[in-house]
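Here is what each chain is made of, one letter per residue.
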Amino acid sequence: MQQNFKSSYNVHVVRILLTFVGMIIVGSLLRSLLLPSEFGDYGHYRPGAVTEEANREMRNKTNDSCLDCHYFVKKIHLKGVHEVVSCEVCHGAYSDHVKDGKVIGEMPVYRGEEIKSLCLRCHNKIIRARPPESIKMIAMPEHLEEKNVRTDHVCNQCHHVHAPYKWIKEAREMMGLPEKWEGGSSWKK
Amino acid sequence: MEEITKIKKEIDLDRRGFIKKVLSGAIGGSLLLVMPATAREIAEQIPGMKEQTDLFIADKKFAFVVDITGCIGCGSCCIADKNEYQVPDGHYRTWVERYIIDDHDEVYVDSPNGGLDGYTEPRDDIKNPIRDTFFAPKLCNMCENPSCVQVCPVGATFRTEDGFILVDDKRCVGCSYCVQACPYSVRFINPVKHTAEKCTWCYHRVRQGMLPACVNVCPVHARKFGDLNDKSSEVYKLLHEPHVISVLKPDMGNKPSLHYLGLRREVI
Amino acid sequence: MHEILATASGALGYVFPNDLHVHWSLMIVLYPYITGIVAGAFIVSSLYHVFHIKALKPLAKFSLLFAFAFLACATLPLMMHLGQPGRAMSMFLTPNPSSAMAGFGYIYTAYAFVLALEIFFIYRVHLVKRRQETTGWQHAMYTVFSMASDNLSERSLKLDRKIISFLAAIGIPMACVLHGYVGFIFGGVKANPLWATPLMPVIFLLSACVSGIAGIIVAYFLLRKIAGKSIDMDCVRTSIKFLWGFFIVDFTFEMLEIFSHGYMATAHWHTLHELLWGPLFNSYWVWQVMILSVIPFLLLGYVSIRKVSDSLLRIIAPVASVMILLQVLLMRWNVVIGGQLMSKSQRGSVDFQPHWFEKEGIFLSMVIMVLPIIILYVMGKVFPFWHDDNQSEV
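Residue numbers (the numbering used here), protein chains in the order written: chain A, 95 to 283; chain B, 35 to 302; chain C, 180 to 573.
To be clear, the hints were calculated from the coordinates, so they are not data collected in a lab.
Quick caveat, the model's predicted, so the values are computed rather than measured.
No residue lacks a Cβ here, since even glycine has one placed at the ideal position from N, Cα and C.
Treat the hints loosely; a few may be bogus.
Stated by the list, open to error - Okay, derived cross-link-like pairs now, DSS-like style, lysine-lysine, Cα gap no bigger than 25 Å in a straight line:
| # | chain 1 | residue 1 | chain 2 | residue 2 |
| --- | --- | --- | --- | --- |
| 1 | B | K204 | C | K538 |
| 2 | C | K369 | B | K289 |
| 3 | B | K84 | A | K196 |
| 4 | B | K95 | B | K227 |
| 5 | C | K560 | C | K538 |
| 6 | B | K84 | B | K283 |
| 7 | C | K236 | C | K369 |
| 8 | A | K196 | A | K219 |
| 9 | B | K258 | A | K173 |
| 10 | C | K369 | A | K100 |
| 11 | A | K219 | B | K161 |
| 12 | A | K230 | B | K265 |
| 13 | A | K193 | B | K84 |
| 14 | C | K538 | C | K408 |
| 15 | A | K100 | C | K341 |
| 16 | C | K341 | C | K233 |
| 17 | C | K538 | B | K227 |
| 18 | C | K308 | A | K100 |
| 19 | C | K538 | B | K283 |
To be verified - Some chain B residues close to chain C (C-beta under 10 Å, calculated; not the full set):
| # | residue |
| --- | --- |
| 20 | H125 |
| 21 | S181 |
| 22 | T194 |
| 23 | C206 |
| 24 | S219 |
| 25 | F222 |
| 26 | I223 |
| 27 | K227 |
| 28 | S266 |
| 29 | P284 |
| 30 | D285 |
| 31 | M286 |
To be verified - Not everything, but these chain A residues come out facing chain B in the computed CB check (under 8 Å):
| # | residue |
| --- | --- |
| 32 | H138 |
| 33 | R140 |
| 34 | K155 |
| 35 | C160 |
| 36 | H247 |
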């Protein structure tokens, strides 16, 4: 019994193929619309990302940039052995403090016992992993016992934090102790 | 304003005494308010970078050298890095490891909070006498064959023509494949942005002629950064003179541009 | 001290600070599990359509629908896992040719098309008939589903049969690519000693076949029981034989991989050894290997070789299949999670404990595993599962 069909025998296949082609066309159109501009010009990436990264805000500056304003610290810091230590490590990032030449926030300043742990971060002898060629280390409380002082002394009672030998050298000069320092007027060794 | 006149008066009265007070912190920075705020351009640390305005840096091939024999493990680099990028807690663009080797050749490694808080305590779990101990800072290796770039499905991490591997945080889908692929574990997913993040050798600073933040703050110059095309640069000399110098995991085949001076085989 | 926000629950030895996070968790365990079931179920239908294993006829249609229901959910765990799911389309926009992950979008879509088309052609007679029988929205739906064609002539059906064989034939390599590829996503990570092996795609593929067949057997028993219909024991016997066959090869490769790692004992073996005899000991050796592989292996071997009674088979077949399903799930877990437990420091490992209600937690995993079953149920309303359901045959 031969039935009569309205549609031809392969119309469903044709329609599927057409849908398929349509999807590919729409897909590639969408792709060209949505593709970020210049994508692939230099490699498989968006070149704009390079510029964005290059223009990221610089939050840390240099010691010099702090010393532009901190004139008194400058006079001390640059003459001492701590010249090599970064202000921002002990005080925080530049951009939390200054923006467009204006002070916008206070800098944290270590006080009292905190100073001790700050100094010991770099100078602690118990942490034996420090190469002695890089840094001089002290053991606590032996360092203070040597000096015959109470062991609750804080480092900045004898060492100027910005130039550790400043006061010590001044004290020696005052006492007329033998001069074992080089470097003329600086407080380096 | 009242305070400034007061300060000025005080200066006139007793200059020396005043300065002493400033030094002792009694007046502190307030004096600075009177001084003109001179926002001077800071000097370039890498000469000639400010003139470069093209998309990529021309004629320079940067390399990073870490001196393991110099590092004191103070964590200044970690502080600077965290400040520079406001890295979320528990994630590290750079970190410092402490190695301790006892006389039985047992190796003990730790890195509490990535060294960010410094090393304040000796390890008390080591029974044998210590033979040797040192610090090893870690950061992005800037590979010539970067695994992270290879696996990124969408091209959100890439190697620029000047040799930096950067992350496009506007396109990253946060699949973490790069985190899995990096042999050095320098990548993480930023928990705030939900995208991948890693050390960029401070690309933005370098573009403005500044050294990477960690290099700039290192008090003992254990981190060195420079241009290999410049034969007078320190890194060029270090890499071309007979020094003990190597890269991490060379068998991975990634060809890092981060080199370690005095690298010890215990460092992985 | 800063509180360390880690997704690992503890650490042993020295772990790189960034390795305290297990980035790929339950969702990425489910992802290869689900795609594996898809690939395996498709193989079952191809065994009938391409290799003419007549005994499997009762399962031929059902396994396609089963595969499709799971395929529909395969991208779900991926989307749940992505940090930026809104950008997922970038995988299609800018697939990185060098990335082992970038092709998944395209391979997945192509495979979904093949599967959908095959289902369409197999059910076309049924769809056309239903279109004529129904009215209103159902009629509209069937019109779309039957591509608005009413031609059921012998010539048209012959064309359909040709297309079905063709689709089933290209479907096999595609299913293999789909799942071998998922294995390669892991196998290509050279930084991870547990993953980086050329055997990974093979093992993934074989375990996929195994989980697909086992899944179909379990579903067959379950759904027939619920519908109160008879179970074709001949069909079950044949599927069990295939399950055993695939499982022999799968299990052998899994063991071979560990064995050759251990035998070659490269620098990585030290780390692997520490992992497999450390944090993974229970989930790998005790559960995956001893309990969930050896026992079903023996059970399947026994029922395949010996002539066992139908009533015994009725118990053993579903039990062994469930065990195999769990074995494969555990294998995914041990590979995906296990691989991340060892730090790239090669000196330590972390622990990982999934939580119930986190972003990629257990609860969500269960929802995702139940979802295909719901989809299957809904599909069953339009596409009858069984050949003895009241409908005409192709």
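Hints, verified against the model:
no.	hint	in the structure
1	K204(B) - K538(C)	22 Å, holds
2	K369(C) - K289(B)	14 Å, holds
3	K84(B) - K196(A)	24 Å, holds
4	K95(B) - K227(B)	31 Å, violated
5	K560(C) - K538(C)	33 Å, violated
6	K84(B) - K283(B)	35 Å, violated
7	K236(C) - K369(C)	43 Å, violated
8	K196(A) - K219(A)	40 Å, violated
9	K258(B) - K173(A)	24 Å, holds
10	K369(C) - K100(A)	60 Å, violated
11	K219(A) - K161(B)	19 Å, holds
12	K230(A) - K265(B)	33 Å, violated
13	K193(A) - K84(B)	20 Å, holds
14	K538(C) - K408(C)	40 Å, violated
15	K100(A) - K341(C)	22 Å, holds
16	K341(C) - K233(C)	18 Å, holds
17	K538(C) - K227(B)	16 Å, holds
18	K308(C) - K100(A)	14 Å, holds
19	K538(C) - K283(B)	34 Å, violated
20	H125	6 Å, holds
21	S181	6 Å, holds
22	T194	16 Å, violated
23	C206	7 Å, holds
24	S219	4 Å, holds
25	F222	5 Å, holds
26	I223	6 Å, holds
27	K227	8 Å, holds
28	S266	36 Å, violated
29	P284	12 Å, violated
30	D285	8 Å, holds
31	M286	6 Å, holds
32	H138	4 Å, holds
33	R140	6 Å, holds
34	K155	6 Å, holds
35	C160	10 Å, violated
36	H247	16 Å, violated
Hint compliance for this structure: hints 4, 5, 6, 7, 8, 10, 12, 14, 19, 22, 28, 29, 35 and 36 are broken, all remaining hints hold.
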